[in-house]
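Based on the sequences and whatever the hints tell you, model everything.
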Amino acid sequence: MCQKASFSITSLFLPTHGRSHPQPPRLYLHIPERSKSRVRSVGNGTPLVPAEQGSLRSPSWRSDVSSAESIKSPGICPSPLKGRAKSWNAALFELSAEARSLTEKLEEHANELDKHGINGGPASRPVPKPRVKSALAELPPLRRTNIMIDPLPISKEKEAVLSRTRPSWLPPKDPAEEKKHIREYQKMMVKSIEADKRRTAAKLEKEKNKDDMSGNTLRIWEEDVLPRWNEAIRERRTRELWWKGVAPRSRGAVWTRAIGNELGLTETSYHAALARAHEMEQRVTEGMATTEDERRISWFNQIRRDVKDNTWVDLKIFQAGGPLHDSLVDVLKAYAMYRSDIGYVSGINTIAATLLLNLPSATASFIALANLLNRPLPLSFIACDHGAKHSAYNLLLDTLSKKSPRLHEHLVSEELSLDPELYLAELFSAMFTQHLSLDDCSRLWDVYVFEGDSALVRAGVALLLENEGRLLAAKTQKEVLAVCAAGHQKTLQGRGDDWMVRVRSAGKA
Numbered sequence: 001m002c003q004k005a006s007f008s009i010t011s012l013f014l015p016t017h018g019r020s021h022p023q024p025p026r027l028y029l030h031i032p033e034r035s036k037s038r039v040r041s042v043g044n045g046t047p048l049v050p051a052e053q054g055s056l057r058s059p060s061w062r063s064d065v066s067s068a069e070s071i072k073s074p075g076i077c078p079s080p081l082k083g084r085a086k087s088w089n090a091a092l093f094e095l096s097a098e099a100r101s102l103t104e105k106l107e108e109h110a111n112e113l114d115k116h117g118i119n120g121g122p123a124s125r126p127v128p129k130p131r132v133k134s135a136l137a138e139l140p141p142l143r144r145t146n147i148m149i150d151p152l153p154i155s156k157e158k159e160a161v162l163s164r165t166r167p168s169w170l171p172p173k174d175p176a177e178e179k180k181h182i183r184e185y186q187k188m189m190v191k192s193i194e195a196d197k198r199r200t201a202a203k204l205e206k207e208k209n210k211d212d213m214s215g216n217t218l219r220i221w222e223e224d225v226l227p228r229w230n231e232a233i234r235e236r237r238t239r240e241l242w243w244k245g246v247a248p249r250s251r252g253a254v255w256t257r258a259i260g261n262e263l264g265l266t267e268t269s270y271h272a273a274l275a276r277a278h279e280m281e282q283r284v285t286e287g288m289a290t291t292e293d294e295r296r297i298s299w300f301n302q303i304r305r306d307v308k309d310n311t312w313v314d315l316k317i318f319q320a321g322g323p324l325h326d327s328l329v330d331v332l333k334a335y336a337m338y339r340s341d342i343g344y345v346s347g348i349n350t351i352a353a354t355l356l357l358n359l360p361s362a363t364a365s366f367i368a369l370a371n372l373l374n375r376p377l378p379l380s381f382i383a384c385d386h387g388a389k390h391s392a393y394n395l396l397l398d399t400l401s402k403k404s405p406r407l408h409e410h411l412v413s414e415e416l417s418l419d420p421e422l423y424l425a426e427l428f429s430a431m432f433t434q435h436l437s438l439d440d441c442s443r444l445w446d447v448y449v450f451e452g453d454s455a456l457v458r459a460g461v462a463l464l465l466e467n468e469g470r471l472l473a474a475k476t477q478k479e480v481l482a483v484c485a486a487g488h489q490k491t492l493q494g495r496g497d498d499w500m501v502r503v504r505s506a507g508k509a
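Residues 1 to 509 in full-length UniProt numbering are what the sequence shown lists, from first letter to last.
Hint data in this document are derived by calculation from the structure and do not stem from the laboratory. One or more of the hints may lead you astray.
List time: in silico DSSO-like cross-link candidates among lysine-lysine, alpha-carbon distance up to 27 Å [unchecked claim]: (1) K208 x K244; (2) K197 x K187; (3) K244 x K508; (4) K403 x K475; (5) K191 x K208; (6) K208 x K197; (7) K402 x K478; (8) K244 x K206; (9) K179 x K191; (10) K478 x K389; (11) K156 x K180; (12) K158 x K173; (13) K191 x K203; (14) K203 x K187; (15) K191 x K206; (16) K389 x K402; (17) K180 x K191; (18) K179 x K158; (19) K173 x K191; (20) K402 x K244; (21) K403 x K244; (22) K158 x K180; (23) K403 x K389; (24) K508 x K389; (25) K389 x K475; (26) K402 x K475; (27) K402 x K508; (28) K173 x K156; (29) K203 x K244; (30) K187 x K173.
Values in this document were obtained by computation on a predicted structure and should not be read as measured data.
Structure, rendered in structure tokens:
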């Protein structure tokens, strides 16, 4: 009982200053000071650190003496400060119910004081100044013993000759050699610091040049190309501009003009198609749906699933509750009703989402989507025109045979007997939006809206060449499809100019 009482008083009134929040108070052993002996250095230029400061010896002899004294005098209640420190949970468990409750209340109160910056809590402590890296090269630390190699503590004589450039378990280094190596180390570190400064300056300069180039590109598109559109798009320098990428702020206007509106759609067309979708959903809700309505409502269910699970998920703006969720669902419903002969096909969701990200409104996105999917290659895939699809596959493989005959022979070999539909259909049906990063896809579309379906064929060849080594190593259909699936993982981080260089070179003889 005496032990419990003494421990509860100690634990309740420990000072709150300097505690590591939120850990409970700790009990500290009292270690008597020892006389410091002086050891003379042998003179290798390394400062001496006494062994007593390294805490290499265990103070267990004090606890042994204390426990022996307590055994000899059983009537004396030993102080917990002289024994071995207990864990907070174990100590708290040994308290009585009343003392335990009081201790917990006081600890909660101390935590509240720390939170509000009272009593030396974290909120009242001054913010430490950021550490500034010295311009001078720092010396390497003393090479002390490694417990995995030499578990025995080092002697005072050994500690006096520790080196900064040689491990402690090797023979001492000559002082002259030590100074020479330290000078070489300092020169090497100075060069490293200078190289870091040059890399940082080059990176800043590159970012500045990139910003300047983006600003210049934006001005060219908005002040030169767009005002005189019909003449500008026929110029060679404008073609170089779209291969370098349209300025993101100008993409909405440039894509809209480049895609055009051959179908003659208007805002009224969009709202009329969307109204038919709402009327059909109302009939299904009221139980008055026809067989055709049941077929169309399955499109809408698939639209919601694709928008939730397969539409630029990393962006988190098209999923339920996102800012563009409702707009995307409406555009897809309107298109499904507008082209009821086709309906909804998976892959259109990411095409419409890419347009929504760059065009100013859902109406503009609907008009662009309908005209974009009316181009020959996309239409052949969403309408399942097998003849047109195989023509696209043959064109891609013929282009591949000129760039990499070996890969072409491997993919069309009788051993694999691989149907191009298995690994190329998803590329074209989604217009690469499900196989590229958002940046890479946007850069590809900067060219596609101007140059048409040939840009998609080039992109397909570029993707296959990018995975040429792994495709050649694949010996079965399953392995080839696995390589294509792994190589088509989209990310938010794009490759920028490198990707477009690959696409452009894929179409050259």
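Would the pair K173 and K156 pass a check requiring their Cα atoms to be no farther apart than 27 Å? Status holds; Cα separation ~17 Å.
Check the hint pairing K191 with K203 against an upper bound of 27 Å on the C-alpha distance. 18 Å, holds
Check whether the Cα positions of K402 and K478 lie no farther apart than 27 Å. 26 Å, holds
CA of K197 to CA of K187, is that 27 Å or under? 16 Å, holds
Between K478 and K389, does the CA-CA distance stay at or below 27 Å? 22 Å, holds
For K402 and K508, compute the direct alpha-carbon distance and say whether it is at most 27 Å. Within the cut-off at roughly 9 Å; holds.
Does the alpha-carbon distance linking K191 and K208 stay inside the 27 Å limit? 26 Å, holds
Does K389 sit within 27 Å of K508, going by the straight-line distance between their CA atoms? Given pair K508, K389 holds - Cα atoms ~23 Å apart, limit 27 Å.
Hinted pair K402 and K244, Cα distance within 27 Å: 25 Å, holds
Just to be careful, I want the Cα atoms of K403 and K244 compared with a cutoff of 27 Å; is the pair within it? It holds: about 23 Å lies between the C-alpha atoms, which stays within 27 Å.
With a cut-off of 27 Å on the C-alpha distance, tell me whether K187 and K173 pass. 20 Å, holds
Would the pair K389 and K402 pass a check requiring their Cα atoms to be no farther apart than 27 Å? It holds: about 21 Å lies between the C-alpha atoms, which stays within 27 Å.
Checked against the numbered hints above, the structure violates none of them.
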